[in-house]
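**Q** Residues per chain are reported as follows:
There are 2 protein chains.
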Amino acid sequence: MYILVTYDVDTTSKEGARRLRCVAKACIDYGQRVQNSVFECEVTEAQYCLLRGRIKDIIDMSRDSVRFYILSKNENRRVEVIGVETAYKVNNAFIV
Amino acid sequence: MYILVTYDVDTTSKEGARRLRCVAKACIDYGQRVQNSVFECEVTEAQYCLLRGRIKDIIDMSRDSVRFYILSKNENRRVEVIGVETAYKVNNAFIV
Chain A
1 MYILVTYDVD
11 TTSKEGARRL
21 RCVAKACIDY
31 GQRVQNSVFE
41 CEVTEAQYCL
51 LRGRIKDIID
61 MSRDSVRFYI
71 LSKNENRRVE
81 VIGVETAYKV
91 NNAFIV
Chain B
1 MYILVTYDVD
11 TTSKEGARRL
21 RCVAKACIDY
31 GQRVQNSVFE
41 CEVTEAQYCL
51 LRGRIKDIID
61 MSRDSVRFYI
71 LSKNENRRVE
81 VIGVETAYKV
91 NNAFIV
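Chains A and B, in that order, give the protein sequences. Just so you know, the numbering used here puts 64 at position 64 of the first sequence, and the rest follows in order with no gaps. Just so you know, the numbering used here puts 75 at position 75 of the second sequence, and the rest follows in order with no gaps.
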């Protein structure tokens, strides 16, 4: 499955900067960086599960935000969010 | 069409910070912000063309990077990049 991972990590603290590095390191293990906080990954369902679990263990759920866009042709295209959903209410636009 | 816009703007200069604000402002006019540098937009082909043109006029092509993921069901799913392609060579993973 092809996924796009985008993240915002609150780096206003030293701990936040550490989390940012850890999230990037986790993503590097599964895909290729295309922007500072954007990765494109080709993974199996199991790998995606592992990556999501690993990131969930790293981030501060009340401060950070990670979005997984599942884009494979044969998957239900959807976005899954871990952490902060952002102030902007997101509609189901990407559940196409 | 549904598009996802992600961007990296080099903010090491005052001019870069201005570009960042302008890119965000352009995106706000066309969609909703879901992360600091990620917008989800529902636009027509014409609006997408206008947005892309506006962003092209704002960014420094040698320093900044903007990626447009075209994700609509009835469109060819693809990624279009303006500016820096990143150090990492991106394959055609998203042209599915």
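Hints are not guaranteed to be accurate.
Listed next, the in silico DSS-like pairs over lysine-lysine satisfying Cα-Cα at most 30 angstroms (straight line) [said to hold, decoys possible]:
1) B:Lys14 x B:Lys73
2) B:Lys73 x B:Lys25
3) B:Lys73 x A:Lys14
4) B:Lys56 x B:Lys25
5) A:Lys73 x B:Lys14
6) B:Lys14 x B:Lys25
Just so you know, these hints were derived from the structure itself, not from any lab. Predicted, not measured: the structure shown is a model, and the values here were computed from it.
**Q** So, for every hint listed, does it hold in this structure?
**A** Hints and how they fare:
1. Straight-line distance between C-alpha atoms of lysine 14 (chain B) and lysine 73 (chain B) comes to about 40 angstroms, which puts the hinted pair past the 30 angstroms bound.
2. Distance check on the hinted pair: lysine 73 (chain B) and lysine 25 (chain B) sit about 27 angstroms apart at the alpha-carbon level, within 30 angstroms; holds.
3. Proximity of lysine 73 (chain B) to lysine 14 (chain A) is assessed by CA-CA distance (about 42 angstroms); at most 30 angstroms being required, the pair is judged violated.
4. A distance of roughly 13 angstroms separates the Cα atoms of lysine 56 (chain B) and lysine 25 (chain B); the hinted pair therefore holds under the 30 angstroms criterion.
5. The hinted pair formed by lysine 73 (chain A) and lysine 14 (chain B) fails the criterion: a straight-line CA distance of about 42 angstroms is larger than 30 angstroms.
6. With a CA separation close to 17 angstroms, the supplied pair lysine 14 (chain B) and lysine 25 (chain B) stays within the 30 angstroms bound.
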